[in-house]
Amino acid sequence: MKKIFHTVGTFFVLLLTIFMVPGCSERVPEDTTQREIEAISQMRELSLVEYRVRKIVKANDEGEWYKIGDRKILLSCTAYLKAGIDLSGFSAENVDINRLDGSVTVTVPHAKLLSLDMPASEIREEYDHVTMLRQSFTAEERNALLRQGEKQIRSSVPSLGILEKAEENARRFFESVFTKMGFTSVEVVFE
Amino acid sequence: MTAMEKKPRKIVITVSPLLVLLAILLVVGLLLAARMAKREKHALTIDDTALIVTKIQTLGELTTACYYDEMVLTRSKPGALSSTPLGSLARDGFGKDVDDHLVLIAKGTVRAGVDLLEMGPEDIRFSGDTVFVHLPAPQYLDIIVNPSDFEVFAESGKWAHEEVTKLQDTARQRLIMEADHAGLKRKAYEGAMDAVTDLLVASGYTYIRYDHNPSYIKMPRLGD
Numbered sequence: 178m179k180k181i182f183h184t185v186g187t188f189f190v191l192l193l194t195i196f197m198v199p200g201c202s203e204r205v206p207e208d209t210t211q212r213e214i215e216a217i218s219q220m221r222e223l224s225l226v227e228y229r230v231r232k233i234v235k236a237n238d239e240g241e242w243y244k245i246g247d248r249k250i251l252l253s254c255t256a257y258l259k260a261g262i263d264l265s266g267f268s269a270e271n272v273d274i275n276r277l278d279g280s281v282t283v284t285v286p287h288a289k290l291l292s293l294d295m296p297a298s299e300i301r302e303e304y305d306h307v308t309m310l311r312q313s314f315t316a317e318e319r320n321a322l323l324r325q326g327e328k329q330i331r332s333s334v335p336s337l338g339i340l341e342k343a344e345e346n347a348r349r350f351f352e353s354v355f356t357k358m359g360f361t362s363v364e365v366v367f368e
Numbered sequence: 002m003t004a005m006e007k008k009p010r011k012i013v014i015t016v017s018p019l020l021v022l023l024a025i026l027l028v029v030g031l032l033l034a035a036r037m038a039k040r041e042k043h044a045l046t047i048d049d050t051a052l053i054v055t056k057i058q059t060l061g062e063l064t065t066a067c068y069y070d071e072m073v074l075t076r077s078k079p080g081a082l083s084s085t086p087l088g089s090l091a092r093d094g095f096g097k098d099v100d101d102h103l104v105l106i107a108k109g110t111v112r113a114g115v116d117l118l119e120m121g122p123e124d125i126r127f128s129g130d131t132v133f134v135h136l137p138a139p140q141y142l143d144i145i146v147n148p149s150d151f152e153v154f155a156e157s158g159k160w161a162h163e164e165v166t167k168l169q170d171t172a173r174q175r176l177i178m179e180a181d182h183a184g185l186k187r188k189a190y191e192g193a194m195d196a197v198t199d200l201l202v203a204s205g206y207t208y209i210r211y212d213h214n215p216s217y218i219k220m221p222r223l224g225d
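So the protein lines, in turn, are chains A and B. Count along the first sequence starting at 1, add 177, and that's the number in this note's numbering. Count along the second sequence starting at 1, add 1, and that's the number in this note's numbering.
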């Protein structure tokens, strides 16, 4: 009988160890690698189009087998995407002028996404349901969900048509500028 | 001897130590598996929902300077226990902090430049090999602090979405103040002049004359 008590005692010690040890080691130390970042940096980017988009971020947390009940959350957010061209490498080599016929060929890089702004003030919690035995969503969990939403918005950029629209506007922009300078024919090439 | 006088039978259950050990191992194994499954499923995933384009706007913004900063945002409020006798005892008797705290680390970016769509025909004049340019006033074109720019460093107690949003929004105000202090608008205006000069020189013009925007004169220099 003593043996059984001893075994059962060992079992409880083991249980305690299982539940306590991982709890202490869950917080992984942050990467403390020193980085140097310039507070102010110079750039040359021409934003030519802005898309305002709306997205619903929804998650349903049914929990693990040992958790009773579920949690659901619905957040709506607005994001502002700006696309245009990076002019940082723009020089005289990008402008090919033909004085004889008054034409000019401007070579610029392809359009890209220049900024994505997802203001906190435009993120609303539309619905939140947490059953009695579950914990409410924490700020960290909500932010983690929104991060995923941001990532989904970013990955949707190629299918949105924003880059095509930016290049269309870039063509118009350069045609207008060079026409004002007196050129009769303006060609804009993206490469 | 009658039946009542019979000596009660002793029931003896023998438990093999090996069986007990096996049972313990099974339970421990199950708990470890559950723990691992919890770790794998720890990160909640969102459903893939549609993206609705609500507005498309043509721009002509020349961004020439960018300010980056990191900041710590903190907010505290009385905790659920603070108004109870237990909370008072913990606070007054043992000097324990019974308030709820939220500490965020925010990384933000301010992009500054000029809006070329504000330029009218009178703002750019060509005369031989000289161009006269009047650039619009520089402005902050984007102030960006996205969810991926926030890190929840510490969180105790319950924080409603609106409370968190309010704290996150202060990051934008602080970024504007810091960018002002760093002279970002002046840097952006000078960068815009350089960019426009390069474009015009590449197009064959020799002299570029700037009729400075009045706001440029008043702008603080970097480090002022």
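Do not take every clue at face value.
Below, computed lysine-lysine pairings styled on BS3-like, alpha-carbon distance capped at 30 Å [stated by the list, open to error]:
(1) B:K167 - A:K357
(2) B:K159 - A:K289
(3) B:K167 - B:K56
(4) A:K289 - A:K357
(5) A:K235 - B:K97
(6) A:K289 - B:K108
(7) A:K342 - A:K289
(8) A:K235 - B:K108
(9) A:K289 - B:K78
(10) B:K159 - B:K78
(11) B:K108 - B:K159
(12) A:K328 - A:K249
(13) B:K159 - B:K97
(14) B:K56 - A:K342
(15) A:K357 - B:K108
(16) B:K97 - A:K328
(17) A:K328 - A:K342
(18) B:K159 - B:K56
(19) B:K56 - B:K97
(20) A:K249 - B:K97
(21) A:K289 - B:K97
(22) A:K357 - B:K78
Which bits of chain B does chain A cover? Going by a derived footprint, with three or more residues having C-beta under 8 Å, they are [to be verified]:
(23) 50-59
(24) 79-91
(25) 95-104
(26) 150-159
Everything labelled a hint here was simulated from the structure, so no lab data went into it. We put the CB at the ideal spot given by N, CA and C, even for glycine.
ask   = So which hints don't hold here, by number, going up?
value = 1, 2, 5, 9, 15, 16, 18, 19, 20, 21, 22, 24 and 25
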